[in-house]
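Line order of the protein sequences matches chains A and B. Here the first sequence is numbered in UniProt numbering, starting from 1 and rising by one per residue. Here the second sequence is numbered in UniProt numbering, starting from 1 and rising by one per residue.
Hints in this document: simulated from the structure, not taken from any laboratory. Since we're looking at a predicted model, the values are computed, not measured. Some hints could be false.
[What the hints assert, rightly or not] Negatives, chain B to chain A, calculated, CB over 12 Å: (1) Gly-6; (2) His-19; (3) Gly-27; (4) Asp-51; (5) Gly-76; (6) Ala-83; (7) His-93; (8) Gln-99; (9) Asn-101; (10) Met-150; (11) Gly-157; (12) Glu-161; (13) Ile-163; (14) Leu-186; (15) Leu-205; (16) Glu-253.
[Claimed, not checked] Here are the computed lysine-lysine pairs in the DSBU-like style, where the Cα-Cα straight-line distance is at most 30 Å: (17) Lys-10/A to Lys-123/B; (18) Lys-82/B to Lys-124/B; (19) Lys-124/B to Lys-10/A.
All residues carry an ideal CB built from backbone N, CA and C; glycine is no exception.
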Amino acid sequence: MSSGRVLVLKSEWTKIRSVASTVWTLGLAVVVTVGLGLLISILVSNDFDSMNARERLAFDPTAISFAGMGLGQLAMIVFGVLVVSNEYSTGMIRTSLAAVPQRAAFLFSKIAVATALALVVAMVTSFITFFVGQAAMGEHRASLGDPGVLRAVIGGGLYMTLIALFSMGVAAMLRSPMLSLGILMPFFFLVSSILGNVSATKKIGQFLPDQAGQKIMQVVSPLDDDTPYGPWGGLAIMGAWVVVAVLGGYVLLKRRDA
Amino acid sequence: MIELEGLTKRYGEKVAVNHLTFTVRPGVVTGFLGPNGAGKSTTMRMLLGLDHPTAGDVRIDGRHYEQIRHPLKYIGALLDAKAMHGGRSAFNHLLCLAQSNGIPKSRVAEVLDTVGLTAVARKKAKGFSLGMGQRLGIAGALLGDPQILMFDEPVNGLDPEGIHWIRNLMKGLAAQGRTVFVSSHLMSEMALTADHLVVIGQGRLLADTSMADFIRENSRSYVRLRSPQQERLRDVLGQAGVPAVEAGSGILEVDGARSELIGELAAEHHLVLHELSPQQASLEEAFMQLTAESVEYHAHSDTGPPDTNGWAGGTGTEAVSGGGWGEQWAREQRKRKAGG
C-alpha cells in the first residue's frame, strides 16, 4: 500500500470519528439488535412448551437470538448511507475531491474505513446478542461449540457489515441521503420480506441481498426448506450484490461532475 | 501558473464556458470578473478537476489537477464557504484535509490563527456565520502553503473589516510571488485588489488585460465644471468648439481630457470657476461599456427586443444602452414565463 493511500485512510478516519452521526447510528444498531433479540428470545422460549413436535424440531435458538437484526440493520443502513452521502448533502465533496482528486483513492479509502468500523461494531453486536439471547433461553439455549453456531455468530457480524457496505455503494450512486434512505429502508424492512414470504415471489425473493445473506445465521433449517444455496452460498450472493453496488458507485463518481 | 486552452463546458444545449483561453501568472492578483452565471465557478471547478471539460484543457504548472500528488501543497482553493460538513469542528475539518495531503497537524493551528478562528476551533462549523465559514474556507486554502491560490467570491458575506483583511491577504500572497486568482462580480472590489483582469460574459472571454490598460481603454474621461456664470461658460465653450453638457445640480461635463484648454478659455473670458476637475469613469462603468459591446455582438443570435431589466440595467448606470449581461437572463425568464 502506498503512503498516499495511508494518508487518505487517516483523513477518512478523522472524518468519520468527528461527526455525531457515526456514534448514534452505530450505537442504535447495537442497542436495537441486542435489545430486540433479547425480548424475542424471552418470548419464544416461553412459547416452547406450547409448540408441537415439528416446530420443536425446527427450533433454532441461534437464529432466534438474531431476530433483532431485522430492525438493527436499518441503523446500519443509515450509517452506510450517511457516511457517503453526507459528502454530497453538505457540499464537502468538492473540498474532499480538491484534496484527493484521485477518485478511486477517495471512495475506496472512505468505504474501507467505514467498513472496518462497521465490521468491528457488527462483530461485537453479533456476539453480544448471541450470548444475551442464549442466556434468556435457559434450557433451550445453544452453545458456541455446537455445530454451525460459531459460523452463524460470525456470519451475523459479516451480514450486518455487508448491509452497511451495500448501503454505501447505493449512496455513492444516488448521492442524496433522503433518496438513498427512501429506497433502502422500505426495501429491507418491507419489500424484501414480503417478496420472500409470498410463495409466488419466494423464488425471486430469496436471491435478494438480505434474504440470501441471512441464511448464514441459521443453524437449524426451517421446515420444508428448499433454498438452493447454503449459508456461505447465501453470503456469496449477498457479496455479489455488494460488489455491484460499490462498483456502480465508483463508476458514477468517476464519470460525474462533483 | 494556470493555463487554460479552449476550455469549454456544455450542459446539454447550454454552453456554460465557451472556448476560454488565458493564462494566470504568478506574482500578481488576477481578477476573474463576470456577473453571476457567467461561468466563473464552472471554470474554477474544471480547474480543480471537479467538473470534466467538454473540450479543451486546463493545466496547473503544466499538469492536470488529477496528476498532482498532494494538490493542497500546490494549489489552495476557496470555492464555496458551505463546502464543509457542518457537524464537524473547524479544527477537525482542517485536520482531515491536512492528513490527506501529508500536511503536519501543527499547520492546522497556524492557519486557524491566520484567519482568526482559533477561539472557535473546537466549535461545529454549522454554528458559524457566513463570514466565519468564509474564513474557514480560506484557512483550508492556505493549509498546504501553496504557490497558487484561487478564491471564488471571497468577500461574500464578510464584514468591512473582513473585506479589508482578505484584500491585504491576497495582495500579500501575490507580493510573495504566488499566483492569486480571484473571482468576483463586483468591479469596485477588483479595482482595489487586482493587477490583472480576465473578464468573461456568458462563458466567453471578453478581456484579458492589465487593470490599468483595461481602465484606460474602456473608460470615458471627461472634465467636470462648476461656475456661477454657467450660461456664459457654456456659450464660450460652445464657440470654442468644446460642447458642454449640463449634468444637473449646476454641474457641466465636457467629454475628453481637456482641462487645460477649458481653464485657459475661462481665464481669457474672466469667468469664475468653482470646480474644474478631470474625471475618469470608474471601473464599474468601464465594465458596463465592455459588456454592452458583448451584448451587441450577441444580438445577432437573438431577435428579441433589448431589455434593461437585467443585471446591468439594475445598477442604474446610463453607460449601458443595449441590455447588458442581464439580457440573457431576462430572455430566459421570458421563455420560462411563456413556457410555464
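Okay, the hints, checked on the actual structure:
1. Gly-6: 19 Å, holds
2. His-19: 19 Å, holds
3. Gly-27: 23 Å, holds
4. Asp-51: 4 Å, violated
5. Gly-76: 9 Å, violated
6. Ala-83: 4 Å, violated
7. His-93: 8 Å, violated
8. Gln-99: 4 Å, violated
9. Asn-101: Violated: least Cβ distance 6 Å, not greater than 12 Å.
10. Met-150: The assertion about Met-150/B is violated, with a minimum of 10 Å to chain A.
11. Gly-157: Non-interface label on Gly-157/B holds, nearest chain A Cβ at 15 Å vs cutoff 12 Å.
12. Glu-161: 25 Å, holds
13. Ile-163: It holds; Ile-163/B is separated from chain A by about 23 Å at its closest Cβ, greater than 12 Å.
14. Leu-186: Given that every Cβ of chain A is farther than 12 Å from that of Leu-186/B, nearest at about 23 Å, it holds.
15. Leu-205: 22 Å, holds
16. Glu-253: 48 Å, holds
17. Lys-10/A to Lys-123/B: 22 Å, holds
18. Lys-82/B to Lys-124/B: 13 Å, holds
19. Lys-124/B to Lys-10/A: With Cα atoms ~21 Å apart, Lys-124/B and Lys-10/A stay inside 30 Å; holds.
Checked against the numbered hints given earlier, the structure breaks hints 4, 5, 6, 7, 8, 9 and 10 and satisfies all the rest.
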